[in-house]
Amino acid sequence: MLFYLQQCIKRCIPNTLKNIVRHNRFYTEYILPWRLNYQQKKVAKLDDETFLTMRHKHIFGYIPNFKNPQTFNEKIVHRMLYDRNPIYSALADKLKARIYIATCLQELQNTANISHTSNISATMSNTTISINTMGGGAEQK
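Under the UniProt record's numbering, think of the first position of the sequence shown as 1, with each following residue one higher.
It is possible that some hints are incorrect.
Once the Cα atoms are required to be at most 25 Å apart in a straight line, the calculated DMTMM-like pairs of lysine to aspartate or glutamate come out as [as the list claims (entries may be wrong)]:
1) 96 with 83
2) 94 with 74
3) 45 with 83
4) 67 with 48
5) 18 with 29
6) 57 with 83
7) 42 with 74
8) 45 with 74
9) 67 with 83
10) 57 with 47
11) 75 with 49
12) 75 with 93
13) 67 with 47
14) 57 with 74
15) 42 with 29
16) 41 with 29
17) 75 with 47
18) 96 with 107
19) 94 with 83
20) 67 with 49
21) 94 with 107
22) 75 with 48
Just so you know, the hints here were simulated from the structure itself, not pulled from any lab data. Small disclaimer: the values here were computed from a predicted structure and weren't measured.
Based on the provided sequences and hints, a complete structural model is requested.
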């Protein structure tokens, strides 16, 4: 019973002190904004590789190797750092990706329409059509 009481005191007192400090008006109006501003300035001074390394270590628990990426996350960050192609940012946005794909498909459809407008009967004179569902049967035209 004494052990349980000691554990409860260890857990409860620091949490109540944190809550008292965090809900204090002086902390919320003066200290917290200063602290957040300081953290933002500190992060803004970092270069991309250092920032992404710190973020990766914080999230996944190990220091990544972006020079020789092994995991999928490392490969994504490697591409973010070393392959700065502007199409990637457009493809990350759902609406921009749809617009980009629609323009690519429109160009593909235009080229397909040009090839289909030629005389098909002249190109199909000596053609063999193979049917997959008939066990290798072929129809000769």
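Subject >> Non-conforming hints, listed in increasing numerical order >> reply: Hint check: nothing fails, all pass.
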